[in-house]
Amino acid sequence: MKRGVAILLLIVYLSLMVVQADVKVPVTSSKASTSSGGGGSRSPDIENFIRQVESWKTNYEDRFEYLQKLLYKPAWTNTSYVPPDVWLYYPPSANKTINRTDEVKIEAIILNKNPIEIKRALYLTLEIMEPGETSFKPANTGVQIIQVNEYDEKEQTARRTFPELNSFGYLDKVGDVKLRVKWTDGEYKLYSSRGKSFPDYGYYPELILNITNIPPRINNSTMKVEPLQAKWDDYIQYIGSFEELGSNNSTRTTSIQKERPVQVTLHIYNNSQEVFNITKPFLPEDAISFSTKDADLFKESDAGKNFSYRYSSTDGMKNGPNTTWSALAAGPHIRPNPKIKVDNIKASSEDENYYWWQNYNFSLEAKSQSSEPVDLRVDLYTDTPAHPGKLAASQTVIVPVNESIPIFFSSIRPFDVADANQNFRYYFGYSAPDQYGKIRSDIMQGEKAIGAKLINQDLAIPAGIASIVAIFAVCLLIGALIERRFYR
Amino acid sequence: MRYEIWLLLPLAAVFIASLLLHMNYLKKLDNKLRNMAGCSYDLDSLEKALQIGQGSNFSTVMLSTWCLFFVSLFVLYFLTPTIFPEFNYFRLSQLASQWWGIMIFGMAISAIVGAFSFFMPKYSFPWIYQYYAISRTRKNIMATWIFILLLICVSLSLYLAVIYPDINYSIWNTAYAALFASIILLILPLISANLEGKI
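Protein chains in written order, with the working numbering: chain G, 1 to 488; chain P, 1001 to 1199.
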């Protein structure tokens, strides 16, 4: 009796499980009430029964399968039921060669001519064969269900977008991708690829798209190294940024690329030879930044050298272009190691009026910072709006080790009449680097503006008289010449 | 516009007036001679026939004052940046920074005017004087006073350069008056010939 009840329950259970896969059987822990032929009623424990079936499945695999076959009851179908046709839809006007970050819309279109009474719900799964692969696999999209009432009454068609697949930005290689739809209505398990292709209407059993890649590109105009001149152990920072996504084509770009880090490498060159490189990941919307905190970019032996740099950036895509290079940019100049110490820079006019025709005195103090005296050439430059950066004087001195010596530029006349009424600045250039590694002092502001007078007051009277006499004499001479030539 | 620039108009007016006076003088003379002479002649022959030698000294002095007049005019207007800040002698900073710069500046203007008088001698006042009878007294007045007036003009202009950036309008006006008086004296023979009707 007990066995009879178990078989009966098993038949009912398996029938429901196999045939009505989409219908959930309410399983409760309450006792099922069944009647037996004359033996009274018992309430079998369904949990025990499930355990029993599971043990059969494990221990008597062959017999279990046979039992399944024995108990299988085919789903009810109408003889007039025709399996629907399923295609992938891609607009005929749309380009099939697309960048992997371009936004795409993948749709399935179903033609189901069965009357609604016998239509079944369709379960659509998008499958993809990625570049270089030989078989399809489910795309990373959910199952789309087309209910029987979703069809257009006139056309008998229904459309469904696979919303999760809006770009191919997740791919790590480029090339042809094939897409198809696997569908089932409970009775049939078929693929869209069994249908005919209607490319003029955008209906494809298998849709083939050529996926390309536009690698990330660095905006050259944002490249900068700061400071441009620095000591080898100063903090130096390289910065830059990516070109805006999608800026080089008109298509829309999805957010996938924005979330995918780009490997950026900073290449540092000296005399066209790459001397150092360092790679860091950056998100495309982030600023690119490398600095001496990331690595020891320069050594003491680099003092006095000029460097240049550029970036390469890669998104790591296979089978296509994945790396771009920025322009080569100059910088930094690593200042030479100090050899002298300079201070006490001064300038003064011979008198308080600071006229342009007057003599000026300039001075500085210097001493050697190396172990031996330095043969130092010092250039004096004056700087006015009319004469920017004018070399006013030069001299060479031997700078001792332990003692600062004054270096005078006395009675220098660096200005002319165009500098009248202007502010002046001055600085010194050295043949050896100073304590800051620079070969030029800071630009110093003159104490006062140059006087506005145009004529040297001291020479005004004699120069004026001489000028008048000379001009009159020349006029008389000209008069005499012309008179002799034409008036006789 | 600065009033000093407006004051260039009277100087230009004097030049134009002198040209008109001279043309009027020649026309009257031509008419009178045509009535008197019974034969035909061309204007070139008439001009040649009318030329009177004014004496070497006078011609030399007047040619010199002709040059000097333009030197004075340029020095008055273009020596300091007061009137033309963008176009003045001190924009030639290398020249103007030398004590002899003004001398070269003046000589250069003299040379340009002299070259003009040399290559186009008919286009100067001293050439025109040859058509006019000028008394010795008037010659003395012209030769002496034009020089003096132009000397005053140049000297005051130099003074204005020395005191720059200070500006003394009285001095400038005096220099301009001297310059204006000198040009009046320069065209004195033309005025007197037309006013007195001595043809």
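Any given hint could be a false lead.
Stated by the list, open to error - Residues from chain G shown here face chain P by an in silico Cβ test under 10 Å; the list is partial:
no., residue
1, 281
2, 356
3, 416
4, 478
5, 486
In case anyone wonders, no lab produced these hints; they're calculated from the structure.
Yeah, the Cβ is synthetic: ideal placement off N, Cα and C, and Gly gets one too.
These are the hints, each one checked on the structure:
no., hint, verdict
1, 281, "violated (59 Å)"
2, 356, "holds (7 Å)"
3, 416, "holds (4 Å)"
4, 478, "holds (4 Å)"
5, 486, "holds (4 Å)"
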